[in-house]
Amino acid sequence: MKNSKSYALLQELSANSYDLTQDKALKGRFESMKSSALGIDYVYACQRLNEEVVDALQGLADETDAVTQFSRMMGGENMNKIDGFECEDRQVLHTAMRDVFDDLPEGFLSDQEAVNGAKAEIAKLKTFCDEIENGTILNAKGEKFNEMILVGIGGSDLGPRAVYLALKAYAVEGRKVHFISNVDPDDAAAVLIDADLERSLVCVISKSGSTLETLTNETLVASNFEAAGLNPKDHFVCVTGKGSPMDNPDKYLRSFYMFDYVGGRYSVTSMVGAVMLSFGLGYDNFINFLRGARKIDLNSQNRDVRKNLPLLMALIGIWNRNFLDHETLAVLPYSQALSRFAAHLQQCDMESNGKRVNRQGETVDFATGPIVWGEPGTNGQHAFYQLIHQSETVVPCDFIGFAKSQYQKDLDVKGTSSQQKLLANLIAQSIGLATGKTSDNPNKVFPGNRPNSMLFAEQLTPEIMGALLALYENKIAFQGFVWNINSFDQEGVQLGKVLANEIIDIFTGQDVEAENAKEYLKTLGL
1 MKNSKSYALL QELSANSYDL TQDKALKGRF ESMKSSALGI DYVYACQRLN
51 EEVVDALQGL ADETDAVTQF SRMMGGENMN KIDGFECEDR QVLHTAMRDV
101 FDDLPEGFLS DQEAVNGAKA EIAKLKTFCD EIENGTILNA KGEKFNEMIL
151 VGIGGSDLGP RAVYLALKAY AVEGRKVHFI SNVDPDDAAA VLIDADLERS
201 LVCVISKSGS TLETLTNETL VASNFEAAGL NPKDHFVCVT GKGSPMDNPD
251 KYLRSFYMFD YVGGRYSVTS MVGAVMLSFG LGYDNFINFL RGARKIDLNS
301 QNRDVRKNLP LLMALIGIWN RNFLDHETLA VLPYSQALSR FAAHLQQCDM
351 ESNGKRVNRQ GETVDFATGP IVWGEPGTNG QHAFYQLIHQ SETVVPCDFI
401 GFAKSQYQKD LDVKGTSSQQ KLLANLIAQS IGLATGKTSD NPNKVFPGNR
451 PNSMLFAEQL TPEIMGALLA LYENKIAFQG FVWNINSFDQ EGVQLGKVLA
501 NEIIDIFTGQ DVEAENAKEY LKTLGL
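Just so you know, we're using the numbering used here here: the sequence shown kicks off at 1 and counts up by one.
There may be inaccurate statements among the hints.
In silico DSSO-like pairs for lysine-lysine, Cα to Cα no more than 30 Å straight-line [what the hints assert, rightly or not]:
1. Lys176 with Lys119
2. Lys409 with Lys168
3. Lys233 with Lys144
4. Lys119 with Lys168
5. Lys176 with Lys251
6. Lys124 with Lys144
7. Lys421 with Lys444
8. Lys409 with Lys444
9. Lys126 with Lys2
10. Lys437 with Lys24
11. Lys144 with Lys176
12. Lys126 with Lys168
13. Lys144 with Lys119
14. Lys233 with Lys176
15. Lys119 with Lys242
16. Lys251 with Lys144
17. Lys176 with Lys242
18. Lys141 with Lys124
19. Lys144 with Lys34
20. Lys119 with Lys233
21. Lys34 with Lys522
22. Lys251 with Lys233
23. Lys2 with Lys24
24. Lys176 with Lys124
25. Lys126 with Lys24
26. Lys141 with Lys126
If you're looking for bench data, these hints aren't it; they were derived computationally from the structure.
Please construct the entire structure, taking both the sequences and the accompanying hints into account.
Written out as structure tokens, the structure is:
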């Protein structure tokens, strides 16, 4: 990135970045700085940039071949690798999981083997959903299943949970879904108290079939079924890698496959999310969710940054991170349904782009992924917006809003509906952060120049949710391509796992060399 002509130009432009606090700074920008695709508007008028900066960012994307790299990824090239060093060295094909609509335009790349694998799993899923619906699959009493317990962790929980909660308004009547992720036994205990085990399916997710937390929770849940006189085999299904220890028809009612080329944090549109979402929301709603993601994948191959929403979001993020030196990004959905979306994006972004070496194994000399966090508005306004408005720390923000609520159950109070009040707060925060406010009272001065963007759609539907998910997934991938880092491994997760296993060995009485851990345990009285 640093060797490009555009990088030098962007450095020059950042020395005099657009002042959002000047008189009439936003006039005419809301229309001119809006890009739209598939029912989503991306408004970046409140970012500290002008058209010259956007042109330079276009140059940066072109010089780093960002779109070409994305197309190569979709086409099946091994993008998950570090040249010359031991690494995963595999394809990155989460996009193939939604490439099931036979709509690939001429000239676009696709890995047909991966697409065929996705279609095969979708067909298995459709059969499974039909059998649950028509009563082919029943419990021991001949009753239909109406609850599902999802057991997984990390990418097998965060994304699926976020999407289910986002679309709960579209749930199949009479069905509900529970989630167990933490190895903390209280997590499972709280869920199992509320679940009707006789009428519950359990979906256990682990690609390797050996994830410690998941297998521990599976055993705990299975013991509760057995204590209730129920055979886990009649209730448990799994999502795992083909041939893994969990790929065992003697143990599970059904097995669905996830593939090595789909990373956990990118796996919501694979069987990892599909089984639970199809059960909880209905198969057709899940397909519409896939369709929204698929449309964004195709939009992501447009070379014009002003027409490629994920690329535009990625480049504006790079402008804020590398040229304006902002370390964090707050994702602020003005929709309670998206209450866990920021938590999913924390993993998706920080596990992907929290890297310090490039794809040649060299230490990078510039910042990479931001710290991602957030909560729904308006709740967040009464929690942390004080810091965003008046702290010396500048926090770029992504606001997300919708014209209509999902349930369409609203009431006018003092002349406006709740949805109108929600949107008024969203717009006010976006403008207030950008323009600030002067005052003779120093405690009432708002410095402004807090960059922010808004993603806006008519309503949070399954298709729009799929598009929203893919927007951020593809934005993250684009940033990795521009930074020349590997956004698809997670070596930083592994060290803690290794050390935890050493400590577990100490608990079981094995003699291991882990003096620091032994001293720590002794101090804690363990």
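Structure-based check of all given hints:
1. Lys176 with Lys119: Holds: Lys176 and Lys119 sit about 26 Å apart, inside 30 Å.
2. Lys409 with Lys168: holds (15 Å)
3. Lys233 with Lys144: holds (16 Å)
4. Lys119 with Lys168: holds (25 Å)
5. Lys176 with Lys251: holds (24 Å)
6. Lys124 with Lys144: holds (19 Å)
7. Lys421 with Lys444: At roughly 24 Å apart (the allowed maximum being 30 Å), Lys444 and Lys421 satisfy the hint.
8. Lys409 with Lys444: Distance ~37 Å between Lys409 and Lys444 Cα, so the pair is violated.
9. Lys126 with Lys2: violated (48 Å)
10. Lys437 with Lys24: holds (13 Å)
11. Lys144 with Lys176: holds (13 Å)
12. Lys126 with Lys168: Holds - the C-alpha atoms of Lys168 and Lys126 are around 20 Å apart, at most 30 Å.
13. Lys144 with Lys119: Answer holds: Lys144 to Lys119 is near 27 Å, not above 30 Å.
14. Lys233 with Lys176: holds (21 Å)
15. Lys119 with Lys242: holds (15 Å)
16. Lys251 with Lys144: holds (20 Å)
17. Lys176 with Lys242: holds (28 Å)
18. Lys141 with Lys124: holds (25 Å)
19. Lys144 with Lys34: violated (48 Å)
20. Lys119 with Lys233: Measuring from Cα to Cα gives roughly 26 Å; hence the hint holds.
21. Lys34 with Lys522: Violated, at roughly 59 Å.
22. Lys251 with Lys233: holds (5 Å)
23. Lys2 with Lys24: Cα-Cα ~34 Å, so violated.
24. Lys176 with Lys124: holds (22 Å)
25. Lys126 with Lys24: The given pair, whose Cα atoms are some 55 Å apart, is violated under the 30 Å limit.
26. Lys141 with Lys126: Satisfied, since the Cα-Cα distance of roughly 24 Å is no more than 30 Å.
When each numbered hint is compared with the structure, violations occur for hints 8, 9, 19, 21, 23, 25.
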